[in-house]
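A.B. asks: Below are the chains, spelled out letter by letter.
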Amino acid sequence: MPTVEVSFTALPAHVRTARLVALAVARRAGVNDQLLDEVRLAVGEACSRAVGVHQSKLPDQPVLMRLTDEQDRFVVEVVDGGPLDHEVAESDLDSLDPEELSAPADDVSGDQLPDLLPPGFGLAVISGLVEDVNVVSDADGTHVRMTWPAPDVMSPDAG
Amino acid sequence: MDLSLSTRTEGDRTVVTVGGEIDVYTAPKLREQLIDLVSGGKYHLVVDMEGVDFLDSTGLGVLVGGLKRVRAHEGSLRLVCTQERILKIFRITGLTKVFPIHASVDEALAATD
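Residue numbers (our numbering), protein chains in the order written: chain A, 1 to 159; chain B, 1 to 113.
Extracted from the complex, chain B is given alone in its bound form (with noise of 0.2 Å):
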């Protein structure tokens, strides 16, 4: 399985849909599609990951590295997972802390914290 992406507008927030694997090969396409959201002023993000069936580490990177560029503009970058396998690496690494994670897409576009 490689990874699928594809994004939306809902209102003020782009929705990024993440599917498949987001490993050391397919990062990089993950990571190309978060610069070009802020290079293009989009600046909220809610990165879906429900249908995300493996993340390691250098995904973890590209998601940090999404939160960094947002943060500097002001702007936010959720997540939406409720798979088990995909929280425990955020866990492990502290993680949690820093990216607020939702059980669905509604509930991260309603939220404003």
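Next comes chain A alone, as it looks inside the complex (with noise of 0.2 Å):
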């Protein structure tokens, strides 16, 4: 059973509620205070991701994040209704050219905010940020699920 269960309608002022209830979980789970900053992020780009794909296809649907604070690791699970597209399962930063991303363009403005960025793009960010991430679509939609170590310190004279 999740420690925590968030379920936010698919609005991008939410992801950063999301965020900060993942934050303030994850620290109390005993993650390192190094990598909460990698867990903001990779929260972050999960559920904006997610939001994205509801806002297209799902916009009554709400986003589901489920935090899991296990023996000795803190788990995150983002859930999307939306099918994986194969193009963005296979996104990878490799292959991502900075140069030819920032060409000169005149004409960008007017599109949709994220499409500046190749699909997939917030994907990949994950997967270059965290070590412990799989991706998986199956009926249920897309499931994106972290995990970073989380020594159990929550010992009585452990703040």
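Think of the hints as simulated: they come from the structure by calculation, not from any bench.
Think of the CB as a built atom: it goes at the ideal place given N, C-alpha and C, for glycine as much as any other residue.
Hints are not guaranteed to be accurate.
[Stated by the list, open to error] To give an idea of the chain B side of the interface with chain A (calculated C-beta under 8 Å), a few residues:
1. TYR25
2. PHE54
3. THR58
4. VAL64
[Stated by the list, open to error] Sample of chain B residues with no beta-carbon within 10 Å of chain A, all distances over it, derived:
5. THR9
6. THR17
7. GLN33
Make one complex out of these two single chains by using the hints.
C.D. replies: If you want it as structure tokens, here you go:
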């Protein structure tokens, strides 16, 4: 059973709330301070991606984030209702050409925001950031599962 | 914390001071600001990110979009950032190769390459 489960309307404004909750639970679970920025960014990327998927396909359905404090690890799972795009599944940062990405262009205004970067960029950032990450797509949708070490330090004298 | 934005002119350059969190929710504001500057003929931008607490890939996309726009006018977009947690996302995405990243606004204003 997850320690904390958050279900939120697929709006960009709530991604920050999800990040804050994940950060608080990660800290409580004993995730090392140096990893907290990584947790914050990776959770933000996973939730932004899920919000994007729902906004285009399932605007009425909430995005789900499950946070689990296991014995010696902290697990975050972000679930959206959409199938995983094949192209997105294979995204990785090695195939990204920063020069090509930033080529001069005058006519890029007026588009949808995330379209400036290739689809799958957020997931690629997560894979570049988090050591233990697993992305699966099944009948319920796409699950992005990220795991961080969290030594059990909640002894009575630990803050 | 929300996003804060302010701009000032320094010679032929415009310094955009950004504070707070640049994410999927706030990035459109930064995007509008950069578009406004470029449409107003400001092609040499220095984006001061020392007050930025969080930056995600949406924010990166907006900065890349700004760079594309100024490059179309032979302009420049320089970043000021010394915070490791913000620099990390530039490193893992390889975008350190396309953005000149400076340690201070003065250094960015003095740069000519």
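A.B. asks: Kindly indicate which numbered hints from before are broken by the structure, ordering the numbers from low to high.
C.D. replies: none
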